[in-house]
Each structure stands twice: as structure tokens, then as C-alpha cells.
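Since the structure of chain A is provided, determine the placement of chain B on it from the hints.
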Amino acid sequence: MTDPKIRVVIAKPGLDGHDRGARVIARALRDAGMEVIYTGLRQTPEMIVSAALQEDADVIGLSILSGAHMHICPRIMTLLKEKGLHDVRVVIGGIIPDVDIPKLREIGITGIFLPGTPMQDIVDFIRKNARSRVESL
Amino acid sequence: MAFTTISGREIAPLYTPADIATLDYARDLADPGAFPYTRGIHPTGYSGKLWTMRQFAGFGTPEETNARYKQLLAAGGTGLSVAFDLPTLMGRDPDHELSLGEVGKCGVNVTSLADMEVLFDGIDLGAVTTSMTINSPASMLLAMYLVVAEKQGVSWNALSGTIQNDILKEFIAQKEYIYPPRPSMRLVTDTFAFCTERVPRWNSISVSGYHIREAGATAAQELAFTLRDGIEYVQYGIEAGLDVDTFAPRISFFFNAHSDFFEEIAKYRAARRIWAHVMRDRFKASNPRSWQLRFHTQTAGVSLTAQQPYNNVVRTALQAMAGVMGGTQSLHTNSLDEALSLPTAEGATLALRTQQIIAYETGVTAEADPLGGSYFVERLTADLEAEALAYFDAIDRMGGMVAAIERGYPQKEIAESAYRFQQAVERRDQVIVGVNEFVEDDDERIGTLYIDETAADRQMARLERVRAQRDSAAVARTLDALQEAGRSDANTMPALLDAVRAYATIGEMCDALRVVWGEYEEVPVI
Numbered sequence: 244m245t246d247p248k249i250r251v252v253i254a255k256p257g258l259d260g261h262d263r264g265a266r267v268i269a270r271a272l273r274d275a276g277m278e279v280i281y282t283g284l285r286q287t288p289e290m291i292v293s294a295a296l297q298e299d300a301d302v303i304g305l306s307i308l309s310g311a312h313m314h315i316c317p318r319i320m321t322l323l324k325e326k327g328l329h330d331v332r333v334v335i336g337g338i339i340p341d342v343d344i345p346k347l348r349e350i351g352i353t354g355i356f357l358p359g360t361p362m363q364d365i366v367d368f369i370r371k372n373a374r375s376r377v378e379s380l
Numbered sequence: 397m398a399f400t401t402i403s404g405r406e407i408a409p410l411y412t413p414a415d416i417a418t419l420d421y422a423r424d425l426a427d428p429g430a431f432p433y434t435r436g437i438h439p440t441g442y443s444g445k446l447w448t449m450r451q452f453a454g455f456g457t458p459e460e461t462n463a464r465y466k467q468l469l470a471a472g473g474t475g476l477s478v479a480f481d482l483p484t485l486m487g488r489d490p491d492h493e494l495s496l497g498e499v500g501k502c503g504v505n506v507t508s509l510a511d512m513e514v515l516f517d518g519i520d521l522g523a524v525t526t527s528m529t530i531n532s533p534a535s536m537l538l539a540m541y542l543v544v545a546e547k548q549g550v551s552w553n554a555l556s557g558t559i560q561n562d563i564l565k566e567f568i569a570q571k572e573y574i575y576p577p578r579p580s581m582r583l584v585t586d587t588f589a590f591c592t593e594r595v596p597r598w599n600s601i602s603v604s605g606y607h608i609r610e611a612g613a614t615a616a617q618e619l620a621f622t623l624r625d626g627i628e629y630v631q632y633g634i635e636a637g638l639d640v641d642t643f644a645p646r647i648s649f650f651f652n653a654h655s656d657f658f659e660e661i662a663k664y665r666a667a668r669r670i671w672a673h674v675m676r677d678r679f680k681a682s683n684p685r686s687w688q689l690r691f692h693t694q695t696a697g698v699s700l701t702a703q704q705p706y707n708n709v710v711r712t713a714l715q716a717m718a719g720v721m722g723g724t725q726s727l728h729t730n731s732l733d734e735a736l737s738l739p740t741a742e743g744a745t746l747a748l749r750t751q752q753i754i755a756y757e758t759g760v761t762a763e764a765d766p767l768g769g770s771y772f773v774e775r776l777t778a779d780l781e782a783e784a785l786a787y788f789d790a791i792d793r794m795g796g797m798v799a800a801i802e803r804g805y806p807q808k809e810i811a812e813s814a815y816r817f818q819q820a821v822e823r824r825d826q827v828i829v830g831v832n833e834f835v836e837d838d839d840e841r842i843g844t845l846y847i848d849e850t851a852a853d854r855q856m857a858r859l860e861r862v863r864a865q866r867d868s869a870a871v872a873r874t875l876d877a878l879q880e881a882g883r884s885d886a887n888t889m890p891a892l893l894d895a896v897r898a899y900a901t902i903g904e905m906c907d908a909l910r911v912v913w914g915e916y917e918e919v920p921v922i
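Chains as they are written, first to last, in this note's numbering: chain A, 244 to 380; chain B, 397 to 922.
Next comes chain A alone, as it looks inside the complex (with noise of 0.2 Å):
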């Protein structure tokens, strides 16, 4: 039997250290019934992908606050089609640019976050948008 959780690898690339975001949604989406895998600090796009594939991840949550997401995000997404991980669903939380936001739902992340999201909307897109693991069987 597939453990029906979803599985969350949450991640902070880039060199900045501002973990609070990424840690009090881990443990947001823990309570909510989710296994969550945080990677810690200063994470290349390699390393993500990595973490994602070895731990059968359904989404990746990446937190950035620097302004690296344009750098990151894409190399991420190329990342991921390499490895054939087509359907990670990719979640990303921090401070992005209005500018920025129709760049990253091109490359294939829906999922943007901005500050002062409640916890329980992203809980709800997660729900909603990872594969379900059930199906997948």
C-alpha cells in the first residue's frame, strides 16, 4: 500500500538565511496531515531536484525572500523535466515582483505566494493541486 500523505519537500535556495517562512509552513503543513521534508539552508537547484526525486516528493515548496527567484526557479523547472519528474507540482512563497509572477506561471508554477498568506490557503492549493498518490497506484 502507497501512503495516501502527501509529501512536501520544502527548501530555501539561494544563499539568504530568513528561515522563518519556510519553517513555520513546514510545520503548518505537517499539522495538516502532510509528510514534510525540509531540506535546510542554502540549497542549489541540483540539490532540490534531488531531494525531490529521493524522497518521492509531490510538491516542492521553496521559500524566497533575496530576489534569486528568476535565477532559481527556472533552472528548477528544466531540473525536474531532466529527471522526468513531470508531475512535482512546484509552490513557491516569499516577496516576488508583480512583474515576476506571470514569468513563473509560464514555466509552470501556479502556486505563488505572497506575504501575508494565511497558512490555510496554501494547505488548500496543496490539497488540491498535488497528484494524488491514491490514483497513481
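Rather than coming from a laboratory, the hints here were simulated on the basis of the structure.
By construction, the Cβ of each residue, glycine as well, lies at the ideal position given by its N, Cα and C atoms.
Possibly wrong hints are sitting among the right ones.
As the list claims (entries may be wrong) - A few chain B residues that face chain A, going by a derived Cβ cut-off under 8 Å, partial list only:
#: 1; residue: 416
#: 2; residue: 417
#: 3; residue: 419
#: 4; residue: 479
#: 5; residue: 501
#: 6; residue: 571
#: 7; residue: 701
#: 8; residue: 831
Quick look at chain B alone, frame taken from chain A:
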């Protein structure tokens, strides 16, 4: 229903003389300027001298930031405060793999002396005071500043300013560390010893609660962990062979100004009282300047909202007022757009104007410690002091702050508080105007600062020029000497100054010591 602060403190609807029955004026408060300095360190408060209006700024290239500094000084700012980007903070050159997308984004990029020369071009280092928010590589940026002064012909005796240099709060909260705690502490005590002797008016550390609070700590935790960090630095300085009264007067502090007005004011008052006792009674310092806690304040970035951003001007003004009524020596007010981007020039100017209105129009500067004697504020001050002292006991029992950090104690305490706060927001027990109450469907948008990729390209180009033009034998020789100093007990500052003069880059200098000391990695816990 009782009011509860952001820190989870329940406030009674009325405080009376019974709440301060044990308070003794001469012992616990005293006039401003007298031990234990609860009411302030200056006898005349702000009527003698206003606080320094020091706006933290930095973005993109040194050229762009230099222009912003000149604008802030022209607008009446009275000190500079440098925000560095993440590659600089983490000791990486712009062409390192991890610097991808980060150059010039969160602050200005400074890779070598060549950048520092541009950053302060046309600014007389003998005439301004400069604060630099830099921690792991603090001694390297200080060395760059000292060499720029040398080139301007300004004596090091005339330099005044601060390096943050507070590595303990990096392990606790902001997580911008390079080396493990113990060699990191050695870099800090090297700067204490060097500055005491060679740069006597320089504040060699700014022990910071700001980031601890931003990471989710309560007011009491901010107070406790910050001051306990201060104790750790003094202890290490003494163990490194320094006389406490030679370096303690150059220790300064940095606190948050959050939204709970009275609790914040009480926090600053408690901080002064605790520190005076710690320095006199625990460390037997005899110079009154060692007893006096001086501090910088910044309004709470974490309280700013992306929704209805104009509300942030009001939040910041009220928080700044708490810092002023708590007797801060210098102040940074955040800009309204900081939940969205780094501040625009207009946002930064409005933030400075906010301070000027408080200083010149409200009259709160006329009286030192205007809330002294309030039943409520005195009771809060005493409660915060007691809570901090309880944390001191717990940390002392663990063997000090470095040992407490190594077992993850303050980190876990803060993570718990952060999660509790977020749950209170979700339940709407904690109201945030425009976020979970009084919400508008279509928030007004404001102009924001967008930092493009040309900053990274320009920094990369300068780095290539520097590498091509410098004497590479001198670079190799000075980096070897730095590594040697790292292996021995010698002070690392002279070796760093030589490496800086040879235009060694921050990545090269940090790598030289990474080889000797290794890198710190935190065990990730939720």
C-alpha cells in the same frame, strides 16, 4: 477580554501603586545618566543631542549605492548604514555558484577594495559615522573601510562607526554564518583587540536583537538572548586577555521596535538596567561607560504588510516613537514598500521624514524617559527584566550561549514563538489590519524598486579588471599569511589589512580561512 501583546503577554486593564510596591527609585531607576541607567544614559535625554537618523541602505552596484548615500545625507540624514548583498554577507565572490541571482539584490555588492573605494567616493570618512551590517566577514569589510580611510588621508583615530560583527545571533536567527561558532568568536575578539588599540572610536560590535525578533522571538526572548549574547562576547574578550574596561565601552546594541508600544519601551529600559548590573556586578567593570547600554533601533520589518502598503507608514511611525521614548541612540525607520521590494528613493525619504517629524514636531524629545514612573511601564520593565534573568540562568546552566546554540536551544525557543504567533494570526486572535481584518479586495499598488541583472554583470566586469590589474604574487603571499594567522593565535586583522591592500577578494579571504576552520552547517529541524 484581556489584551494580549504580539509576544503573548496578557495586559491587565489597570496598573496601580500595588504593581510597583517594591520599586525603589534610587536603586531601580535613578535619574537619567545615573546607574543603573533605567531612565537613560544621558542626564539631559534628547535635549542635549538628538538620536542619529541612520537609514540602512544598499543595493546593486557601489555606484548606485554611493548615489543613494549622497541623497540621504543631502536630505538631512546624519549617519550612513551599509546594507550588503548576500554574496558579500556570505563571503562569496559574484562568480561563485551560490551567488547566482543574488548579486546586488538585498544590498550592495562589495567584493574587493576596488568596490569599497567607489562606495565611499566623495564622502569624507572623517566627517561621517558609518554602520556596516556585516557579520561573518565583518573584519574583512572593516579592513576595507580602514584602507579607504588611509587612501583618503583620514587617520584611523578620527574614524567613527560600527560593524555589526554579531555572529551569535547569526547562528540563533539570521543564519548567515560561515565558520563554526568557536573560530567565529575568535574573529570577533580579534576585532575587539585591534580596534581598542588602533581605531579607538570604532564600535567593534553591535549585539543584535533585531534579527532575533524578526525570526519570531517574543520581546522577552529578544531581550534575553541579545543580552546573554553580550555577556558571551564580554566573557570571550576577557578570556582572550583583554581588560574589560578597554573594550566594553565600545560594545553597542541593536534592538527591534515592534508594534506593542509600551512593552517595547519597557524592553529598552529593562535592557539598560540589566546591562548595568551585568557589567558592574558580574564582570566587575569599573568604568561607567562599560555599564552604559547604548543602542540602535530599527522598526519591525516583519510587521510590514504587502497589503494596503500605505498603512506601513503609520506602523513605522508608531514603532519609531517607541524607540525614541525608550531612549535610543540611533534609529532606522523602514520604508512603506519593504514587504514588496528594497525601498525606492521616495520610500526612503518618507521614512527619514517620519523621524524628523517625531524629532522636531511632536515634543517627545523635550523630556528624558517620559514614561518613567508609570505604574504600567515600570511593572512591564520589571517583568521583562525577571523573564530575561530566568533565561540567563537556563543558558548559564547549559554552559553559556555558544553551548546553548550548539544544542539548538534559542533556535527552538524562537521557532515555537514564531509558530504560535502565526496560529494567532490564522485564528484572528491577532489582528493585522488589511491582512486578516479590514481587507480590501483590490489593494492599491505602489511603485517598487526592481533590481535587474545588469548590476551582477557590472560587478563581474569590475572583478575581472581587478584580477587582471593586481599583483597576483602579492595576493598569494598575503592570503598565505592570512591562513597562517588563522592557524596560529596571532590577531588576524593585520593579515587581513595586507590582503585587502593587495586587492584580494572577499571570497579569497574567506576561503583562506575556510580551509583552516571549516564551514558550519545547521541540522535542519522543523
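Evaluated hints:
no. : hint : verdict
1   : 416  : 36 Å, violated
2   : 417  : 40 Å, violated
3   : 419  : 36 Å, violated
4   : 479  : 12 Å, violated
5   : 501  : 4 Å, holds
6   : 571  : 3 Å, holds
7   : 701  : 5 Å, holds
8   : 831  : 5 Å, holds
Checked against the numbered hints listed earlier, the structure breaks hints 1, 2, 3 and 4; every other hint is satisfied.
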